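Undergrad: One-letter residues, chain by chain:
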Amino acid sequence: MSAHPTRSLPVIDSTPVDHAGAAATFLENETRVDWHDAAIWFAREKRDRAANEVPEWEALRSLASDIKEHTLSKLDEYLITFEAAATANGVTVHWARDAEEHNRIVYDILESHNVRHLVKSKSMLTEECGLNAYLEARGVNVVDTDLGERIVQLRGEHPSHIVTPAIHLTKEEVGETFAEHLGTPIGLSDPTELTAAARIHLREKFLGAHAAMTGVNFGLAETGGIVVCTNEGNADLGIALAPIHIASMGIEKLIPGPTELAVFLRLLARSATGQRITVYTSHMHRPAENQELHFVLVDNGRTEQLGRPDFWRSLKCIRCGACMNTCPVYRRSGGYSYGSTVPGPIGSILSPGIDLHKYGALPFASTLCGSCTAVCPVKIDLDAQLYKWRQIVVEAGEASAAKRTIASAGARVLASRRLLTMGGAVMRAMLRVIPAGIMRTLAGTWADDRELPLPRGESFSAWYQAREQRKRDGGSNVS
Amino acid sequence: MSVALFAPCYIDQLYPHVAIAALHVLERLGVNVDVPMGAPCCGQPPSNAGFERLGEPALKSFVRTFSDYEQTIVLSGSCAMHVRSHASHLGAAGNRVATNTVEFCSFLHDTIGLERIASLGATYPRRVAVHIGCHGLRGLGLASPTELRISPFDKVRALLGTVNGLSFAPLARRDECCGFGGSFAVGEPAVSARMGRDRLRDYGSGDAEAVVSTDVSCLMHLDGLARRDGLTLPMMHVAEILAGAAS
Numbered sequence: 001m002s003a004h005p006t007r008s009l010p011v012i013d014s015t016p017v018d019h020a021g022a023a024a025t026f027l028e029n030e031t032r033v034d035w036h037d038a039a040i041w042f043a044r045e046k047r048d049r050a051a052n053e054v055p056e057w058e059a060l061r062s063l064a065s066d067i068k069e070h071t072l073s074k075l076d077e078y079l080i081t082f083e084a085a086a087t088a089n090g091v092t093v094h095w096a097r098d099a100e101e102h103n104r105i106v107y108d109i110l111e112s113h114n115v116r117h118l119v120k121s122k123s124m125l126t127e128e129c130g131l132n133a134y135l136e137a138r139g140v141n142v143v144d145t146d147l148g149e150r151i152v153q154l155r156g157e158h159p160s161h162i163v164t165p166a167i168h169l170t171k172e173e174v175g176e177t178f179a180e181h182l183g184t185p186i187g188l189s190d191p192t193e194l195t196a197a198a199r200i201h202l203r204e205k206f207l208g209a210h211a212a213m214t215g216v217n218f219g220l221a222e223t224g225g226i227v228v229c230t231n232e233g234n235a236d237l238g239i240a241l242a243p244i245h246i247a248s249m250g251i252e253k254l255i256p257g258p259t260e261l262a263v264f265l266r267l268l269a270r271s272a273t274g275q276r277i278t279v280y281t282s283h284m285h286r287p288a289e290n291q292e293l294h295f296v297l298v299d300n301g302r303t304e305q306l307g308r309p310d311f312w313r314s315l316k317c318i319r320c321g322a323c324m325n326t327c328p329v330y331r332r333s334g335g336y337s338y339g340s341t342v343p344g345p346i347g348s349i350l351s352p353g354i355d356l357h358k359y360g361a362l363p364f365a366s367t368l369c370g371s372c373t374a375v376c377p378v379k380i381d382l383d384a385q386l387y388k389w390r391q392i393v394v395e396a397g398e399a400s401a402a403k404r405t406i407a408s409a410g411a412r413v414l415a416s417r418r419l420l421t422m423g424g425a426v427m428r429a430m431l432r433v434i435p436a437g438i439m440r441t442l443a444g445t446w447a448d449d450r451e452l453p454l455p456r457g458e459s460f461s462a463w464y465q466a467r468e469q470r471k472r473d474g475g476s477n478v479s
Numbered sequence: 480m481s482v483a484l485f486a487p488c489y490i491d492q493l494y495p496h497v498a499i500a501a502l503h504v505l506e507r508l509g510v511n512v513d514v515p516m517g518a519p520c521c522g523q524p525p526s527n528a529g530f531e532r533l534g535e536p537a538l539k540s541f542v543r544t545f546s547d548y549e550q551t552i553v554l555s556g557s558c559a560m561h562v563r564s565h566a567s568h569l570g571a572a573g574n575r576v577a578t579n580t581v582e583f584c585s586f587l588h589d590t591i592g593l594e595r596i597a598s599l600g601a602t603y604p605r606r607v608a609v610h611i612g613c614h615g616l617r618g619l620g621l622a623s624p625t626e627l628r629i630s631p632f633d634k635v636r637a638l639l640g641t642v643n644g645l646s647f648a649p650l651a652r653r654d655e656c657c658g659f660g661g662s663f664a665v666g667e668p669a670v671s672a673r674m675g676r677d678r679l680r681d682y683g684s685g686d687a688e689a690v691v692s693t694d695v696s697c698l699m700h701l702d703g704l705a706r707r708d709g710l711t712l713p714m715m716h717v718a719e720i721l722a723g724a725a726s
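Just so you know, the protein sequences line up as chains A and B, in that order.
Here the first sequence is numbered in the numbering used here, starting from 1 and rising by one per residue.
Here the second sequence is numbered in the numbering used here, starting from 480 and rising by one per residue.
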């Protein structure tokens with residue numbers, strides 16, 4: 001196992017995330033949980049139908065996984081190739097070691113052109129880096145132009161899902177937010193009318209922007225270009241109107257070239273939303289006339305993750321969100337319960353690598369049901385990595401004292417038939433070795449919602465031994 | 480062939496009738512099955528909770544107990560998967576045990592075959608909801624999971640299909656996790672309970688008269704929730720149905 005993570009997010013707060021507690025709060029509103037679960041399950045079912053249209057789906061997944069693993073294994077070479085090709089195309093390429101450096105590079109570009117208004121299409125990387133707050137503090141007005149992201153931005157929130165950032169909100173809540181910020185009539189909650197209001201609002205922002213930022217879905221090493229996939233065309237409109245385009249890209253987004261891209265474009269939208277392809281798939285290779293194009297390549301812990309033998313495959317992720325949609329825990333606990341930029345199963349294997357203390361609870365926010373691994377278009381072994389992170393969290397002393405005592409006492413009982421039999425039943429056996437206070441807490445948590453198993457007579461092993469004894473004693477027809 | 484039956488710790492102590500039913504089924508099928516009194520547990524509960532090191536003595540004991548058998552039948556998909564994925568790290572004997580360990584329903588389906596299962600003549604004239612534990616489903620391949628685009632198959636429903644009078648309750652989410660998850664049930668009690676109650680709702684919508692599973696641990700959780708909510712819904716392991724013990 002590689003060294004324990006030492007990095008921390010630019011966000012200074014390293015208070016451990018209490019996933020179970022946040023989930024319990026989310027679950028208090030049963031009606032909200034009902035539709036949150038149903039809305040996201042709907043996406044999962046759409047994904048199933050879209051995947052089922054493709055007979056070679058499983059072969060595509062394997063191919064995509066192989067391409068990503070190949071690229072990651074030669075990432076240094078591909079990055080250099082990418083930089084050379086992009087530079088030759090007239091793109092300015094920047095390298096950012098971490099979030100702070102990324103934010104500074106972006107700000108310096110904006111500052112040197114005296115940019116005060118920036119429009120930005122969806123980019124989880126800039127969320128990860130805390131770019132909006134950084135720029136706002138320096139007098140740059142940032143407008144997220146993806147509708148879902150704009151809604152949460154107006155509310156002072158962060159995305160609760162990486163593909164559908166406002167999935168946690170009802171249309172009534174969106175109506176309230178728009179009434180407050182965009183001046184729509186109070187009580188308006190019709191999605192079409194709200195969308196029309198957002199269009200008018202965003203058009204003004206697009207027209208007044210001095211620079212546009214986008215994320216990157218795929219970087220093509222061979223051609224030095226990037227590909228951005230959206231459904232709203234907001235990325236395209238932003239960069240078509242502004243004289244400066246800055247694209248921020250995590251270094252793991254690289255693939256060899258356009259041939260490989262074809263594999264991923266067939267998988268991405270089908271996995272994400274059940275669409276065959278996103279409405280816009282935009283290829284950007286060189287700046288337009290009188291325009292500047294900047295690529296910022298960001299590490300921010302990715303190289304460290306790449307060096308971890310058990311976890312480097314997490315970097316294959318193409319951010320489709322399918323693991324969130326399928327996760328029975330995510331659908332019932334909401335994106336915010338994870339307290340990280342990327343929630344759900346993939347976030348739970350990425351975030352502990354950034355800050356083990358803060359995100360130590362996340363690998364335990366799973367039943368290890370394995371649905372995420374089966375749905376993942378690039379075949380990341382998510383459940384196996386969750387299991388491995390659990391071992392690291394415990395080894396690092398991040399598990400609670402109660403958990404430790406229970407586990408060590410329990411393990412002693414389970415390793416010895418004598419100990420297990422001694423009490424006659426698991427419960428009684430555990431009562432003997434686990435301190436009473438902890439046992440009450442343990443049984444109490446179980447018994448908060450559930451009845452305990454009904455008591456039966458003797459154990460199976462006692463029954464079996466007695467039967468075998470009767471056989472040896474010459475009894476016939478024993479059973 | 481030397482075959483051993485392993486009843487996981489919680490079945491041994493809390494659900495002895497399930498192990499007795501499984502033993503009867505195997506014996507009636509002519510399988511010469513042994514129940515060695517060595518390891519009581521495979522070590523999965525502490526390992527999945529992050530305490531793999533503490534679980535290792537149990538797994539080592541499991542390997543010692545079962546290394547001489549040609550096949551070890553485990554009465555739980557979850558425990559079988561733990562042994563199959565982790566015992567191979569424990570030397571040659573561990574490797575052998577990992578390969579030779581098989582979950583109960585897989586053994587019946589793959590080694591015994593449906594014709595002989597049908598010869599048991601079990602009868603259960605009820606509409607049942609089938610719950611295949613996630614580890615048995617996705618880890619051991621007991622059925623094709625809904626996420627994959629592969630030819631559909633279902634060993635558990637195939638076994639239950641031989642039972643006279645039994646029919647299947649239609650489920651909206653055939654293979655959604657029940658929310659037990661071992662330590663998850665106590666570490667994330669709110670989500671766990673909600674997941675279980677959502678399964679119970681699905682069973683209700685499908686007019687299920689009973690729940691049949693490959694994993695008694697899932698049933699312990701679902702049954703605890705059902706009884707707390709005042710639902711009368713019998714829950715049984717596949718072995719109990721095949722043994723004809725439940726009616």
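Hints listed in this document are in silico derivations from the structure and should not be mistaken for laboratory results.
Wrong hints could be hidden among the right ones.
Stated by the list, open to error - Derived CB-CB ranges, DEER-like: (1) A:Gly-457 x B:Arg-532: 32 to 40 angstroms; (2) A:Gln-465 x B:Gly-640: 32 to 40 angstroms; (3) A:Gln-275 x B:Ser-564: 54 to 62 angstroms; (4) A:Gly-307 x B:Arg-595: 49 to 57 angstroms; (5) B:Leu-627 x A:Gln-275: 19 to 27 angstroms; (6) A:Arg-276 x B:Leu-627: 33 to 41 angstroms.
As the structure is a computational prediction, the values presented were derived from the model and not from experiment.
Note that the Cβ used here is the ideal one computed from N, Cα and C, for glycine as well.
Undergrad: Just pull the numbers of the violated hints for me, sorted ascending.
TA: 3 and 6
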